[in-house]
Amino acid sequence: MLRYVAYRSIVAIFLVWVVVTLVFLLLHLVPGDPAELLLSQGATAADPQAVANLRERLGLNDPLWLQYAHHIGGILTGDLGTSFRDGASVAGQIVQRLPRTLEVIITAALIAVAAGVPAGTLAAIRAGGWVDNVISFLSSLALSTPVFVVGSVVILVFAQELRIVPAGGYVAFAVDPLRHLMLLLLPAGTVALALWAVIARMSRASVLDVLERDHVRTARAKGLSRRRILTRHVVRNAMIPVLTVLGLEMGTLIGGTVLVEFVFNWPGLSGYLVSAVDARDYPEVVGIVMVISILFVFLNLVVDVVYAVLDPRISLAR
Amino acid sequence: MRKLVLPVSIIAVILALVLLAPVLPLADVRAMDIPHRFAGPSMQHWLGQDEFGRDVLTRLIFGARASLSIAIGSALAAAVIGAALGLLGGYFRGLVEILTVRAAEVILCLPPLLLALLVVTILGAGFWPLILALTILYTPNYARIVYAATLQVRGLDYVTAQRALGTHPLKIVLRTLLPNVLPPLLVQISLVIASAIVIESGLSFLGLGVVPPTPSWGLMIRAARGAMEQAPMLLVWPSLALAGTILTFNLLCDRLQSVLDPRAVPAGGAIWLRRRKPAASPPRAVLAGEDPVNRRAVAGTPPAAGPGDLLAIDGLTIALRRAGGIGSGMELVRDVAISVRPGETLAIVGESGSGKTLTSLALTGLLPDVLEVTAGSAVYVARDGRRLDLLAEDEDGHRRLRGDEISMVFQDANAALNPVQRIGEQLSEVIRAHRPAGAAEAGREAVDLLRRVGIPDPDRRARAYPHELSGGQRQRAMIAIAVANRPKLLLADEPTTALDPTIQAQILALLSDLRRDSPEMGVVFVTHNLAVVAEIADRVAVMYAGELVEEGPVAEIFARPRHPYTAALIGSVPEGGAERLVAIPGTVPPPGKMPPGCRFAPRCDHAEKVCRQASPPEFRPQPDRRTRCLRFEEVT
Amino acid sequence: MTLTPLVEAEGLSRNFPLRSGFFGAHRDVFAVRDVSLSVDKGEAVGVVGESGCGKSTLGRMMLGLERPTAGAIRFDGRDLSGVSGSKRRALARRMQMVFQDPFGSLDPRRSVGAQIADGLRVHRIVPGSKIDAEVARLIDLVGLQRNAAGRRPHEFSGGQRQRIAVARALATRPDFIVADEPVSALDVSIQAQVVNLLADLRRDLGLAMLFIAHDLHVVRHLSTRAVVMYLGRIVEEGPADRVFGAPAHPYTRALMAATPSISAGRAKDRDVLSGEMPSPADPPSGCSFRTRCPLASAECAAAVPELAPYEPGWKVRCIKAGPSDEAGARP
Amino acid sequence: MTMRLTRRTFLATSAAAGSLTFLGPRSLHAATNGTLRFGLSAYPPSFDAWASSGTAAGTVKLLIHRGLMSFAPDGSLRGELAESWEVDDQGAWVFKLRDATWQDGSPVTAEDIAWNVAEASKPDSTAFLRGQLQTITKVETPDDTTVRMITEEPSAVLPGWFAHYNMPMIKKGEAVDTTMGAGPFKLDATDRGVSLTFSAFDGYYKKGLPKLAGVKATVYADENLRVAALQAGDIDLIEYVPWQAMEQIEQNDQLKLDAVDGPFMYLTFNGKRAPFDDPKVRRAVAHAIKREDIVAAAFYGRGGTLAHLPIADGSAFYNPDLADGWAYDPDKAKQLLAEAGHPDGFDCTMLSTAQYGMHQSTAEVCQAYLSMVGINVKLDLPEWSTRVQKGNQGDYDLAVMGTTAANNDPDGLSDIIDGSLPASFVRSYGLETPEISGYLKKGRTTFDEQKRKEIYAEMEKVAIETTPIVGLCWRSQGYGMKPNVTGFTNMPGQLTFYSGVTLEETALG
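In order, the protein sequence lines correspond to chains A, B, C and D. Mapping of the first sequence onto UniProt numbering: residues 1 to 318, in sequence order. Mapping of the second sequence onto UniProt numbering: residues 1 to 636, in sequence order. Mapping of the third sequence onto UniProt numbering: residues 1 to 331, in sequence order. Mapping of the fourth sequence onto UniProt numbering: residues 1 to 509, in sequence order.
Calculated from the structure, these hints are not laboratory results. For clarity, every value in this text was computed on a predicted model and none was experimentally measured. There are no misleading hints in this set.
Some chain B residues flagged as far from chain C (calculated, every beta-carbon gap over 10 angstroms):
1. W46
2. L174
3. A375
4. R383
Label-pair ranges, simulated between beta-carbon atoms:
5. A:A69 - B:S258: 53 to 61 angstroms
6. C:A298 - B:G155: 39 to 47 angstroms
7. A:R55 - D:P154: 31 to 39 angstroms
8. A:A69 - B:V106: 17 to 25 angstroms
9. B:S258 - A:L178: 42 to 50 angstroms
10. B:L174 - C:R124: 16 to 24 angstroms
11. B:W46 - A:R55: 50 to 58 angstroms
Using N, Cα and C, we set each Cβ at its ideal position, and we do this for glycine too.
Given only the sequences and the hints, what does the whole structure look like? Please build it.
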């Protein structure tokens, strides 16, 4: 197991390096000059001399390989650099933003699992019946409605009309715990919607699969109660692949909650990434992407390890 | 395939609309009519006009062109590239795998939106960059799925057979592997199309989508969101189109899955798990005093069962139940009558499809949901002396008996044990389900049971998972579960079939020991191995094509079979020095195509015209033997 | 016989690396260890042993489908390890395989005729125009109906599929066939059909055959020479009738005792071999059978016994080789 | 395990949600005492005092900083740190400082001011007005409260520079992105990208100001959400009211709207490429577009047509006779095209951006009208950053642009129409406008109001003729607020983004 984790970590480091290099190179291919942009805010004309000055100050006049070397060198010494825009520490910003994104994703995952597993299990038990059809219809609907539509409607109904919740935004937990939770529920609920659909569908398929297995028949042959068969022998076994999918979905969500963050004004990592790309803030983009890919790889590893823990048949030897 | 009609026809309609859009009598997709912006539906504009006064219906249909061609185009492109990477990586492994599948996985580390953002910004927004971005985005998914499927398929014998034939590797990949990884690929394509439509709308929403004035659903939603207060319907139409299309593709995907892999979706889920209202359950058939065996409806000789029987099955018929489906009512087991006395071992022997396993499952109510008992009774004398008709019991009634009075041993212990539960727990579970035992007490008892079935080091084994045990030990554990509550009736379904000879001998010896310990226990032993029958059973019932063809004491039947099928079976065993084995020509007829007369007649050397006319009745050549052959006197 | 054997394996070994712990010692797990075996033209060699004894790995190595870690296979005097690529594929024409699982050995998506024709096309056995006729001939040869060519495998029963697999193997007109448990997945009556077919083919076509099975009865019925394997090694090898008639190795004897028989009637107190085959990752020292052997003594642990000649054409790997003391050796 | 944990956590969360609902809206939306909750459209990309870092940053600067000058709510120039300003007989500007203090308590001195001018005009400075400031050859500080600026030649517009929100004064020696200024509010805390918290500076030099105890500025990047937050009562005041929401806010008696026409939309040309190097073609474009439709479609009727140079009709420099110089006249457009040798029209690309809906909608309407005169336009709608670079590099034929001038003076249009300035996306690329440049220069050095009017009228005449840009429409710029917000004024015309200065007088009623 340790050996496996070590092996995977080495692969992960390599992978992250490839990703960072790729993004670094791609970014320099993207049109738009950070210095020019920074000085053209508010649709004003930038003074070419000022732009040149800023380019020099930001090190953008160095040859690409030198910039890359600086960057990688910085990363290796644990320094993710500072923002082109206001000189804020990239690492500091990520530390501030990441928990907010994780909070949304984890809350969404909890909601999705809490609602999706029972729904999927029910649909499987009633496969072909109307309950199954309704759940299947709802999950398709949840998958097909873009989050920005859901978000807009949620805001319109709950914030503007009913005034039950604030219209998006973010308040730190320490400042106002209740408000923090309310604001969290909006994006988390919206993310959970699509995730719920995925979990429900996976659970349905997985439960159906497990129901066909011989050991469920054995459990019945043992005269166990329905509840015990369902919880211990069906759902528990069926959850193993579902959790794997959940883990992978959460991995893609780490950098993928842009629209939700935008619609609900939730200052997470995805929105930060987009604003950094918009501003061509190279150190920020590279730093964020690096953290996201590390998390992604790490999450994959965790998923594998959890899988091995849940399913004793899987050995992590490699 | 009928399942596909609905989604495919909806998609066909959508595609037809989309393809025919230029020739349909629609308004000009770009013509603005700003004075009438946000006008409601009218005769000219069925769905109203948008923020530039353009016709919403027209833009919806033309929007489908952009949205669908991007989604379908990228899904297909990614499928081709991903499948190629997955196939090559999965078949050749090693370095090729690193260069294909693993390389594609780098993309997964990048946030999808960043990737789309970068591609679209570098290449400029528009149709082709969007397709490229989505293609890159989805390629690793395909590569992964095809890779996994390839790994599964490449180990299969028919791929090895191609290698053995000396076929060129690339040809193997294209001709043998590709078609066989197609089902998951197809399902993935329809999934990806659905997801790509959503992503396209998201990108358009962020301004990374198609370039106006070309409409796309995403662009329409984006524009409408701003004007939500003025004209909410503008948001509704494209959202509906989007949701509807995706719904259709999801439907297609689901249906495709069930068509390509029929095993995946059993009809009706798990009926036994549904809690029925107590009132709906039929009253328990307590048949005290009445002897049900005399109610035999089928004409012919009375069954060979007496009042001393532990179990008397009579007239058991099992049929396919599928409301309105094909083959509904087809009988898989017909009119089977067998009885077991306490302490007796009855072997049911027959080839696959003979109904021997179904017979034993019917007794415990464990038939698959698609099958049901349509006639017959199985009178069982319970511990408390009551006579119960097992076939009339409902799920709860069965549950009280199962694992307690009547227990089962299944063929494949590897599959029959829960892979993620410790052996000890699986054992104490059955104890606690029927007896008021504490966890610790049941745990101790479980260890004792393991010791009793001859598992070495039972303390440690109790904490092991099934996969940590050898095949023989697993089967022993399975037997331990079955005898945990000292059953009166043990149903063993091919318990030694998958085992090696020395292990099989051990398990058979264990069963003998257990019978010696519980002299009152009746055993029904289902097998296809005649030699095993000879070793273990007192009496044997031979089944063929769902019917009981011969029954009687083992020694007598092996010495002188009174049915041509039994005789042929014995002759086909490669023992003794015969140069050629007796091979029964042809195969067992499938359930839907049973011959009208004797079911064995088409393969029987001795069949005559009369055999093919009517199903033969049972004959009793001796008091304790039965045969279902008209000509048993002449041919045996 | 002074002729060179058709296939000859010499000192074949196949191992899989296994590591324990991060810095754990690297060990090899032997699936097959030092097996030498030859098959003459027209000869049927039966290999028996329990699962995990290495018999399937041996079969695949003999066909060159798996690379041995040590040792060499000579086919018609040519070392298989020396040829590769297209030459190796050309050589494949002369050696074919029949698999155990009749459901896994045929491509479910292609017609039976096309799969039989594969071999004909790859090796250009017959001109393109005559392929259909040749396929029909092969289908006829294995006793299937002519119209079988156009159908897909799922339309056939297990026994019929196994016949199709045999037809496919025969298409390239091989000299040597490895049949890996070809009948163990079949029903008794069907099993007899295939056993008869294989016996007929061997007799009529003069094929050399390596027949792998765990059912002693089938092996005894089909083969002229028997090889008994235990934990990767050959423990006994000799003429089938004599090996099974009066086995010299205690394992062969135990195997026979464990095999139930319809003619012996109900067993009362028979010797059941205790325990299970040890893990190949951790084999016992000396004779690998000694942990279960009723005759084992201290000297058995000392060294791996030689596969020593016992009688002409009969070799046994046991220091206590000899006929059973008991009369109970069946059948 | 996992299941149980999940269920428990979920129950806890939903219970929390339930209790919140029970508490009801009042507790959530209660107004904070004396602190104004301000909905910003963007987080300031930087706090660099002198760099052009956008309008949101401008508002923030106007909270924490003060310059020598500013604009009064009526749009007139007024002194801030400078008590008085005048041109002395040598043509130099003399500013008399008032008794003001920095937020650290130290007095604002003439030396501070001189240092500001010197720093911002340094060669490696990134100040927005660096170019202008470099025309100041010398800054003298005869005493602690007097600053004398000497320019190469007399400049009529110099005080306007020092009223710009991108030219606030900071204490000598402070970093250029300091948040310590002489303004009415102190920046207490920031949550980057999320919010900024300000409190009143009690040492502010204007007695009794600021009226607010503090300002809490929260960023709502999504315009719809910004309105929603105002409607939901989460905030008191928002900037950049989206046009589609203006009517709704006006009609809502719980809210009020303060909107002015100020910023404007226009087209720029690539003067280095055919066919837009031909003034006739440019003018044809100007006559081809029906501007009412842009106002209607892109701005929901919130704005006005602009068929001449962006000089507002309330301005002293407005020329009524030129107001319809580029009026919609498709026949004339076709005729001009024919004259220019394009009777059958031509194909070209139009650069705009998909990032801002109004830019995209404007482009779409222009595209529709241009196609009617035979100009087939292909839209290029990259995100904003790419659009900026493409504009700067002249990678387009025709582009949609929207901005404000630096101030209400015609000189504020220099950035947009002066072809002698270096290439920039805000003006036409590579288009020489020698006459216009000459008028602008002349206007700058002319102090007499009447003479300046004449100069700029001549300039506009030339501009209509040569069409360096095409004015399209004014767009309304609005602030939405609760009725109890008083004292906040949306400043007129081009000065709308200076409105932050009135926050010092804002109070919550």
